[in-house]
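Trainee: Each chain, written out:
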Amino acid sequence: MSAAMRIVNGKVYDPANNIDGKIKEICIQDGRIVDSVPEDATIIDAQGMVVMPGGVDIHCHIAGPKVNAARKLQPEDHRHDVHPGTPFTRSGTGGTVPSTFATGYRYATLGYTTAMEAAVTPIGARHTLEEFHDTPVIDKGFYVLLGENIFLQNLLREKRMEEFNEAVAWWINATKAYTVKLVNPGGDEPWKGKKNSNVSDIDEKTDEGLTPRQIIEAFIKSVDKQGFPHPPHIHCNNLGHSGNYITTLETMKTAGDMRAHIAHIQFHSYGGELGKNPVSKAAEIVEYVDNHPNITCDVGQVMFGKSTIMTADAPLAYVLKGHTKGKWVNADTECESGCGIVPFNYQEHIYMHTLQWAIGLEIFLMAKDPWRVILSTDHPNGGSFMNYPKLIKLLMDKAFRHEEMKRVNQSALENCSLRDLDREFTLNEIAIITRAGPARALGLKNKGHLGVGADADITIYDEMDDKEMMFNAPRYVIKSGNTIIGNHEFITDFIGKLLHISPEYDKKIEEVVQPFFESYYSIEFSNYAVDDHYLHDHEVIATGKA
Amino acid sequence: MAENTKIIENATCTFCGCVCDDMILTVDLDEKKIIKSKNACVLGRAWFAEHTIDEDAPAAMIDGKEVSVEEAIEEAAQTLTKAKFPITYGLSDTTCEAQRQAVAITDRIKGNIDTTTSVCHGPSGLAFQGVGESTSTLGEVKNRADLVIYWGGNPAESHPRHFGRYAVTPKGMFTPRGKKDRTVVLVDVRKTKSSPVADILIRPKPGKDFEVLWALRALVKGKKLSDDIEERTGVPLEVLQDLSDRMKNCRFGVLFFGMGLTMTRGRHFNSGALLALATDLNEFTHFVAKPVRGHGNVTGADNVVSWQTGYPFGVNFSRGYPRFNPGEFTTVDTLANGHADAAMIIASDPASNFPKKAIQHLKSIPVVVLDTKMTETSKDAHVAFRTSTYGINTSGTVYRMDDVPITLRPAFESPFPDDESILKGINKRVNELMLAKHYASGASGEVKVAAPI
Numbered sequence: 001m002s003a004a005m006r007i008v009n010g011k012v013y014d015p016a017n018n019i020d021g022k023i024k025e026i027c028i029q030d031g032r033i034v035d036s037v038p039e040d041a042t043i044i045d046a047q048g049m050v051v052m053p054g055g056v057d058i059h060c061h062i063a064g065p066k067v068n069a070a071r072k073l074q075p076e077d078h079r080h081d082v083h084p085g086t087p088f089t090r091s092g093t094g095g096t097v098p099s100t101f102a103t104g105y106r107y108a109t110l111g112y113t114t115a116m117e118a119a120v121t122p123i124g125a126r127h128t129l130e131e132f133h134d135t136p137v138i139d140k141g142f143y144v145l146l147g148e149n150i151f152l153q154n155l156l157r158e159k160r161m162e163e164f165n166e167a168v169a170w171w172i173n174a175t176k177a178y179t180v181k182l183v184n185p186g187g188d189e190p191w192k193g194k195k196n197s198n199v200s201d202i203d204e205k206t207d208e209g210l211t212p213r214q215i216i217e218a219f220i221k222s223v224d225k226q227g228f229p230h231p232p233h234i235h236c237n238n239l240g241h242s243g244n245y246i247t248t249l250e251t252m253k254t255a256g257d258m259r260a261h262i263a264h265i266q267f268h269s270y271g272g273e274l275g276k277n278p279v280s281k282a283a284e285i286v287e288y289v290d291n292h293p294n295i296t297c298d299v300g301q302v303m304f305g306k307s308t309i310m311t312a313d314a315p316l317a318y319v320l321k322g323h324t325k326g327k328w329v330n331a332d333t334e335c336e337s338g339c340g341i342v343p344f345n346y347q348e349h350i351y352m353h354t355l356q357w358a359i360g361l362e363i364f365l366m367a368k369d370p371w372r373v374i375l376s377t378d379h380p381n382g383g384s385f386m387n388y389p390k391l392i393k394l395l396m397d398k399a400f401r402h403e404e405m406k407r408v409n410q411s412a413l414e415n416c417s418l419r420d421l422d423r424e425f426t427l428n429e430i431a432i433i434t435r436a437g438p439a440r441a442l443g444l445k446n447k448g449h450l451g452v453g454a455d456a457d458i459t460i461y462d463e464m465d466d467k468e469m470m471f472n473a474p475r476y477v478i479k480s481g482n483t484i485i486g487n488h489e490f491i492t493d494f495i496g497k498l499l500h501i502s503p504e505y506d507k508k509i510e511e512v513v514q515p516f517f518e519s520y521y522s523i524e525f526s527n528y529a530v531d532d533h534y535l536h537d538h539e540v541i542a543t544g545k546a
Numbered sequence: 001m002a003e004n005t006k007i008i009e010n011a012t013c014t015f016c017g018c019v020c021d022d023m024i025l026t027v028d029l030d031e032k033k034i035i036k037s038k039n040a041c042v043l044g045r046a047w048f049a050e051h052t053i054d055e056d057a058p059a060a061m062i063d064g065k066e067v068s069v070e071e072a073i074e075e076a077a078q079t080l081t082k083a084k085f086p087i088t089y090g091l092s093d094t095t096c097e098a099q100r101q102a103v104a105i106t107d108r109i110k111g112n113i114d115t116t117t118s119v120c121h122g123p124s125g126l127a128f129q130g131v132g133e134s135t136s137t138l139g140e141v142k143n144r145a146d147l148v149i150y151w152g153g154n155p156a157e158s159h160p161r162h163f164g165r166y167a168v169t170p171k172g173m174f175t176p177r178g179k180k181d182r183t184v185v186l187v188d189v190r191k192t193k194s195s196p197v198a199d200i201l202i203r204p205k206p207g208k209d210f211e212v213l214w215a216l217r218a219l220v221k222g223k224k225l226s227d228d229i230e231e232r233t234g235v236p237l238e239v240l241q242d243l244s245d246r247m248k249n250c251r252f253g254v255l256f257f258g259m260g261l262t263m264t265r266g267r268h269f270n271s272g273a274l275l276a277l278a279t280d281l282n283e284f285t286h287f288v289a290k291p292v293r294g295h296g297n298v299t300g301a302d303n304v305v306s307w308q309t310g311y312p313f314g315v316n317f318s319r320g321y322p323r324f325n326p327g328e329f330t331t332v333d334t335l336a337n338g339h340a341d342a343a344m345i346i347a348s349d350p351a352s353n354f355p356k357k358a359i360q361h362l363k364s365i366p367v368v369v370l371d372t373k374m375t376e377t378s379k380d381a382h383v384a385f386r387t388s389t390y391g392i393n394t395s396g397t398v399y400r401m402d403d404v405p406i407t408l409r410p411a412f413e414s415p416f417p418d419d420e421s422i423l424k425g426i427n428k429r430v431n432e433l434m435l436a437k438h439y440a441s442g443a444s445g446e447v448k449v450a451a452p453i
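Protein sequences, first through last, are from chains A and B. Heads up: the first sequence at position 535 corresponds to 535 in my numbering, and the numbers run straight through without jumps. Heads up: the second sequence at position 43 corresponds to 43 in my numbering, and the numbers run straight through without jumps.
A hint or two may mislead.
Calculated lysine-lysine pairs in the BS3-like style (CA-CA distance at most 30 Å, straight line) [to be verified]:
#	chain 1	residue 1	chain 2	residue 2
1	A	K194	B	K171
2	A	K194	B	K84
3	A	K507	B	K179
4	B	K356	A	K195
5	A	K508	B	K38
6	A	K221	A	K159
7	B	K356	B	K84
8	A	K327	B	K248
9	B	K38	A	K325
10	A	K327	B	K223
11	A	K497	B	K110
12	A	K327	B	K221
13	A	K194	A	K390
14	B	K363	B	K84
15	B	K248	A	K205
16	B	K193	B	K180
17	B	K65	B	K82
18	A	K194	B	K179
19	B	K248	A	K195
20	A	K406	A	K225
21	B	K205	B	K191
22	A	K194	B	K356
23	A	K225	A	K306
24	A	K325	B	K221
25	B	K363	A	K327
26	A	K205	A	K306
27	B	K82	B	K363
28	A	K276	B	K38
So these bits of chain A aren't anywhere near chain B, every CB distance computed over 12 Å [as the list claims (entries may be wrong)]:
#	residue
29	Q29
30	D77
31	V82
32	G85
33	G322
34	E348
35	K406
36	S411
37	N472
No lab work stands behind these hints: they were computed from the structure. Beta carbons are placed, not taken as given, at the ideal position from N, Cα and C, and that holds for glycine.
Looking at chain A on its own, in the form it has when it is part of the complex:
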């Protein structure tokens, strides 16, 4: 394990412990933050620097079958953005879908030390875990797609709720996932089985006799009952469609006072008539989130330039293919999910793209409680995570924001209130939306803060006026007590760990699941669950109600 270390003279931002820019010593031993260390501990002098917990990405797409398909699809995206190796680190390629090694190292170069892959098919879990082992530095976990699981929907329709709960827990264990992901609930069967159609309303009854709302409610209740550290991570219906904010509000209302996380909420905050240009409904969405402490969300900010759409929402990707007229991947997973991939480009002059950019910023700037409105670009859907420093500058620097606003589609700005928002985020608030907030929403008690007992995942930035430059180049990045980046350079390699949960379940549920497998899956039941040798270094986060 790592040696003892003491960080002195740094300005510490640790919002979870109410420390806002105080000069404070941080002591590290055996990968954790401790009260004190021996006199001879290594000293890092952080004079003139800002000390924060390592960043936590609550929603990104960095590993697994769809990510790898998107990598393979775009050699043109890699060749202009190479990632040379060093004697201590592996090489790779970048672009919007970097290779696994480049992904880990690049997160580190932004000061991020944890990232959660937001959508993995159960059958793709093994693949995802293999990629994770080749994704260095960061700790990582994934959300498993269960909303469109035909077996679970069958139980739901037959109102076998006890078995439903057991089966959810079984699937989490079989895949080593962190929580449940729902994507466009109810939309898979119309897509695959009914000639590429879709659901359009949260209360629309599909031929299978279920509504999206029933699916959402069932998972929220099940996860609440079982006390997962992070609630169902929900990609609502109607993503990207004008008028979809009603669906988003209804989805949040379905949760009642139980916890729910709404993913990339920017894409779900549009007013206007279906088929016509949308207008901003950021204010309505933010009002609901602010007033309901059971709800967390990540923003899914759009950043101009190249992106890659990759989603389990296959009908959405097909709609976007209609706009780009370029290459498109569709990938159906038996009994579990759909998937679509489209290379994309957000352009300043386009009304829709500017409005999306502006709505994201509005949501950040209007939110009264930054703890529950978390920074993300839905990497790489809204843009690469490499845009985070620029996004931070947009939030912290009003003058810069207004300069950028001059370059975008002006009629889109007419249909939102971005011009009227004067707020500038403080460093403390940035530490909330990139560290403390996501860690709390994930239920990761040892992350996102610098109190005694926390994981020694620490980033030290030179304090600069240009916040983009500052957040682009931490001077030190410490992961689990190991100095990975020292004086801006990689000085060692490190493989982070898997974060997953292991809820209890009654083994008898396997007897219920198995016959379905034998009829409708193409691999054997006993070869389906991921065994422990794929875990490598890992940590089980506790479940159950506190």
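Here the structure of chain A is known, so what remains is to put chain B in place on it, guided by the hints.
Mentor: Relative to chain A, chain B alone:
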């Protein structure tokens, strides 16, 4: 009947890309032999039955003389690090765990890595990069497909269980009557053992696949074809029109394609036309396409090389980062052009199936070989390792042709080490040698030695 036997259930056959994981193997532990392989096809039965271990064979050899595995690892690492243009090739008949090590080694020595994909479905990989792909796992075909088209392949002989387990006869969720719920179309220039399965057999003139596919794209989009289409392609207009109608009106259609398409005139244009046709059809119904891959874990090789480098095959690290250029960094080319000055060949036998010019060059450079048996390539190798067989002696991960990963259940132990452990050893030693080179060049700084990932 042998007395000391063991039964392995749900074992996986890695002979072809079907990667069937429902084998029930009976192992004679005294003879170290699989004596029965229930559920296996004719190819799988041979794969299991013919697997015997020659315990007297040396585990490692340098220039034909027996050495210890450690000595051979040292010599392999020295050979690879001394070379200016070392190449790594093969990989499709080993586990993903071994493939990951192979890419790591090649990255560290700034070499060139390529897999057997470059000589089979490489063109499909290029077509994928050009147009994308609408695809699905094989279980989805079993559950939903009511129109199944095979193009340029003969699965009855190359993938015998493809029909029965995945695509033609199995009863699925929305295909409860199996074959009765499906229409099967076979497009091939010749009659094969697969022909009897087809409801509709279409035989284009050899080398005219692209034209037929393009004509179908036109019909699907409602365009008129010129009257000489039959003369040009060998397929009557009515047949094409009928197929176009069937494709547009099915509920869930699938196009499987083989090397009759990818390795004939047109190559990646052919694959691209087929993928584009499947994409076009999604305007009318749900339609997917899938290359029918050959080797047991060639799909795993594509995946591993892609996630580590961003590119599926034909990758060069000489500048310190991955570059992709099929035609330059593909193995036939690095050899035939005389660029490679050392080679590491893993689970493949290029000396018996590459073009003559490439083989001549391969024979003129030091070669490190990992294989389960003596091959044309290993008999002249500078360093030769004999390794255990994946899926029979060794566990690990393989990817089925539809990218579904499966964990192998080994049947019995081999006295020989597996590919992964040999490659791990080479990786570790290569890492040490490259770091020594780095320090020798005058580098300084606060540096810890990284554990090889």
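Trainee: Checking each numbered hint in turn, tell me which of them this model violates, lowest number first.
Mentor: Structure breaks hints 2, 3, 4, 9, 13, 20, 22, 23, 25, 26, 28, 30, 31, 32 and 33.
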